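Trainee: The lines below spell out each chain.
4 protein chains.
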Amino acid sequence: MSFELRPYNPPYLKSEALRTAPDARMAAAPADGVAPDGFHAMSIFPEYFKIGGCWHLAEESRMDCVPVWEDGCLHVKEFRHLKKGDAVVCGRTENGEEGIYLHMNGFTETGRAAENFAFRQGRSRETSFSRDYDELRDLLRYERENGRIVWVLGPAFTFDSGARDAFSRLVAGGYVHALMAGNALATHDLEGAYLGTALGQNIYTQESVPNGHYHHLDTINRVRGCGSVKAFIKEQGIDDGIICSCEKHGVPYVLAGSIRDDGPLPCVIGDVYDAQDAMRAQVRTATTVICMATMLHSIAVGNMTPSYRVMPNGAVRQIYFYCVDISEFTVNKLSDRGSLAAKGIVTNVQDFIKQLAEGLGV
Amino acid sequence: MSFELRPYNPPYLKSEALRTAPDARMAAAPADGVAPDGFHAMSIFPEYFKIGGCWHLAEESRMDCVPVWEDGCLHVKEFRHLKKGDAVVCGRTENGEEGIYLHMNGFTETGRAAENFAFRQGRSRETSFSRDYDELRDLLRYERENGRIVWVLGPAFTFDSGARDAFSRLVAGGYVHALMAGNALATHDLEGAYLGTALGQNIYTQESVPNGHYHHLDTINRVRGCGSVKAFIKEQGIDDGIICSCEKHGVPYVLAGSIRDDGPLPCVIGDVYDAQDAMRAQVRTATTVICMATMLHSIAVGNMTPSYRVMPNGAVRQIYFYCVDISEFTVNKLSDRGSLAAKGIVTNVQDFIKQLAEGLGV
Amino acid sequence: MSFELRPYNPPYLKSEALRTAPDARMAAAPADGVAPDGFHAMSIFPEYFKIGGCWHLAEESRMDCVPVWEDGCLHVKEFRHLKKGDAVVCGRTENGEEGIYLHMNGFTETGRAAENFAFRQGRSRETSFSRDYDELRDLLRYERENGRIVWVLGPAFTFDSGARDAFSRLVAGGYVHALMAGNALATHDLEGAYLGTALGQNIYTQESVPNGHYHHLDTINRVRGCGSVKAFIKEQGIDDGIICSCEKHGVPYVLAGSIRDDGPLPCVIGDVYDAQDAMRAQVRTATTVICMATMLHSIAVGNMTPSYRVMPNGAVRQIYFYCVDISEFTVNKLSDRGSLAAKGIVTNVQDFIKQLAEGLGV
Amino acid sequence: MSFELRPYNPPYLKSEALRTAPDARMAAAPADGVAPDGFHAMSIFPEYFKIGGCWHLAEESRMDCVPVWEDGCLHVKEFRHLKKGDAVVCGRTENGEEGIYLHMNGFTETGRAAENFAFRQGRSRETSFSRDYDELRDLLRYERENGRIVWVLGPAFTFDSGARDAFSRLVAGGYVHALMAGNALATHDLEGAYLGTALGQNIYTQESVPNGHYHHLDTINRVRGCGSVKAFIKEQGIDDGIICSCEKHGVPYVLAGSIRDDGPLPCVIGDVYDAQDAMRAQVRTATTVICMATMLHSIAVGNMTPSYRVMPNGAVRQIYFYCVDISEFTVNKLSDRGSLAAKGIVTNVQDFIKQLAEGLGV
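Chains as they are written, first to last, in the working numbering: chain A, 1 to 362; chain B, 1 to 362; chain C, 1 to 362; chain D, 1 to 362.
Bear in mind the hints are in silico, worked out from the structure with no lab data behind them.
Incorrect hints may appear among the rest.
[Stated by the list, open to error] Coverage of chain B stretches by chain C, computed from C-beta distances (three or more under 8 Å per stretch; other residues unrestricted):
| id | stretch |
| --- | --- |
| 1 | 30-38 |
| 2 | 208-218 |
| 3 | 221-227 |
| 4 | 247-259 |
| 5 | 275-289 |
| 6 | 298-304 |
These numbers come from a predicted model, not from an experiment.
We put the CB at the ideal spot given by N, CA and C, even for glycine.
Let the sequences and hints guide you as you build the complete structure.
Mentor: Listed below in structure tokens is the structure:
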């Protein structure tokens, strides 16, 4: 089986209703960081706005943010980035009557409504996941050549040596184009490379080593002493693990700070809104996003990932979004996004990643 | 790495304390199914009883059951199997002072107390499981030749085509010596073979088929019409799935009834105490037990599986016990058994079984 | 706020389609316990069958069982109860075209389709439950006088002294008309009354008592020695707990056996199909069913409880069905029943029952 | 029952071993934010350091941070707060041999080792919690007069009207001395006060209101327009909810930012390390900490809360720490802190808080 992108069915903008629709109303932001009353907020779907008699698709959308008309282009901005006077589109209908048209079925095959509904059902430990693995494997092979795969990792991901190795092989194999995580993931991973443990436990045998509870602190302190992860890797001759693989293969990674951090490592972004901006910078060019074992980061990235991307050549394609977690609660929280493209897999991420790497032959 | 049985360190019965210990006290069961006051109840560990001045090991033990001296031998009986007048050992100490000695460390390496403690810690989604997979693979290779592997399966196990196939290959490969499950597991599995679905959903694509909610009933009814699973398999030319593999390779399976059953299938044992007896008959000769995705059956089998087995040649060896489940609650409920041999793996059993089959090369 | 039964809107049987519909087809069961090909299986909704030109409502329905025409009446039978030659209704459409009409919206208010949909959504720990508590309190007050409330309890329910007392007060207060559980619930509860512990832990302080692991066995053995729970209560002067309250207030309880049972207690039904029959006997007259902290029993009872009951005076009313469990997986498994009447509450049952008792003023 | 503080048993510093112990070794921090090799890291227990021949207790401790001797006093600093040249205590033993003494049993009753062990066991949905409620009620009554109670709330806490009201009554009743949460909790709570919903669902009826998905954005935008929560409350005449209660009763609240935030509200601290500092400022004077329904914040606060506090009069007392969550995974993650004082309660926080308020009579 091989993967094929489902073509985008654009809305029929020449329909009577849309052709005769009024221009979208705009109002000026009354202050920095504040939207005008009646502002429109984006969804994850492609949305078109009639401005100057023409329909414009908002590129690089983001749910719950506002469309701003600037330099002949629609920018989707977080509230905190609004500037006083920004021209914000207003209106809360989506069928064109206010010059706003939300296109929900751009990637749906005709006559498959029933199936679509089925896909949106809750997923549980008892869902059959074999096809998901097969589809994901084919998708990643396609995306390695044609897209951009962004991974989001929870802190415990590197506690297991096999999972850590599998992910490192995915990086080396070209299946990872960006990584987003927190201080803890990077710390545990570097601890594994530096001292062979994670939180003081051997990552293969699970044996606790004497004074192992110092290991993550010693790791953090050494990296801080070196001034950067890169310098630490060089100084210590680190040669394995996720972060090291990213450094070796030039894969960008964004580490967002959190209130539970020790340290932190030098490259962690302490301001969460700066971190959001850095994450969204990676998401803007993503075509597939895979979140593993982190509710916080999964929701954060889910919130900033639309269901589509406008490619450099102007083509509109789907963004695939996976959430892998052992908890149905987390998986279903994400898949409420209502998109065909959002898929949940309920399992331990250790097994998920080892099986995926096996399937991809890395 | 290859597996080696840890040798049994028998207790030093010539120690002053044990040598001079009194005979164990016995009392007659006052009525059928009733033990005398002060009855002794078994643990999962090897227990020795002094009778006629000699220490006797209870073979084929079972937790929470009572030791009965009969025909010069210790039989461990469920309360319901006691007969009026049975000679039941009484006493609730375990250090020999009443002629009862519980030997907790028969399989422990000297000086490894700390490690043992670590093994008994709770396991969670964040535990590193790579070594467990490796050890289990080596164990199963050993047991295929030298032991007897009993599997316990929850009802949803066959909802996924890949997991179902992987388990069938394990059966064909000689890694399954007995199977214990319920009516639902067998029904779903036979529905997959007969109609390609489980509860009406395609076991690969997850697509619901029209009137699919009739599938399990049609399957049950057809099997009932045939009079037996074997006859159904023959009539319909069934050629895949777990139950079919067991039939084909002569692997015995015990299906215990439950109050949630439809049907049931002809071979399901409706009386739960008869079912317990049939299950224990399989456990008596088991050397490794693996429970997957069923709290009810896992606890039932856990309760009837001791930590050791006396082999036909008189040697005492360990019984290995695994519990694989996506819920920490279930896994930790089982691993409270306090035995080195009980290991929990927290994951989706679909991934577990596919990875295990892969590792075993079947 | 006070509770009012929503009136039943019967189907309009005089509509052209239903008036001209053919009689339902019947076929004889080919053997004991086997339905004819094409048998019809029941849902939880009211279903009408045209026989002899008249529409008949199946009373005392049960999902996944088959309608049998016998003595001028429709009996809904489990497969295992079919007798060779029974006249089984066949057909798998539900709109009348084969003389079978399923009436899904008998208790729906007109124009409330949207709300109904909302009610069927998955429930999670984050759902707001205050209204559910209020509604349930009002419902139970109504049912105490006008209905019949059946409770289903998981084994751990009596581990907490407060929960155990609260439930006992509900029994004394007239809010419990029947109880369904297993051997373990009754054993733990009687252990609490007899020895003050559950599985050897004090049910208030949680302290483990010496040799406490003998307590449940001593309890079981004593009850077995007495010959019955009633005799045990009398002999020991037991005066508290759930089972004792049921005995005192003449509330029938059904204890179904399972493969994990020790003992069992004398009144436990060992054959699960006999147990199903005993449970269904209670369900036939139930108007509200509340399942707490047991997946096995909740599914079993859920399967045998229709969404409606035909009262002695011929009126059709709704059956209310609640499932209370700390696991979303269990709660949502039950609420997939697709009925307005099935409600899930995600919490620890200890808190649920204490709060409910408080609200009811008992 | 009424609460009594367990007196602190200080270590016997005049023992031969401690009297003759050497001074603790110190080394200068080699750079800002970097500790010297061999730095000592703190635990949650009282730790004494021998400096200039005298033993000094570190006040205001924090796990995994380093003790710095400054101005004749021990300051426990996060790595990021170290200044080049800071005198950091070094050494990784805890028995005095390096001038460092960790006092683990300061609040333990003599001879109760076994019970203590029991308290540290994992807690599950099946643990009996009645005594915990009683103890907590008594503790809070004591702390209202004599201590300082800090609450930590997860984002979904105010989705339920009853829980929201109960907590507001606790604030009004004097049981809340500080609140820590995130942007989402405050947003949902203010949305409830402003528009009667949480994420667009009525917080009592659960009904979704039209365009309700705009409600949290409208709330955030309005507060941002007002410039502060206080101004918003005044402008809109807000009169209910958690945040409003805190404002009304002068209870300080710290809102820490996270990468999943919309908005954010004006008072949210965007830099997580500044947020940590603000949170620790509250924890420094806390005597009881209660975390509800948030893994992120619970771990963050758990990490910064020692097991003891030195009161203004020099007395050492215990800090009580509770973690209430519906997931055993979260609860047990916290209670691994190894302290008598850390207690987990496994339930839905809605029920927990309503029951607690009821018990306290507010």
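Trainee: The structure should be examined with respect to each hint, and the outcome stated for every one.
Mentor: Against the structure, the hints come out as follows:
1. 30-38: Our answer is that it holds, as 5 residues pass the Cβ test (under 8 Å) against chain C, meeting three.
2. 208-218: It holds, with 4 qualifying residues against the three required.
3. 221-227: holds (count 3)
4. 247-259: holds (count 4)
5. 275-289: holds (count 3)
6. 298-304: holds (count 3)
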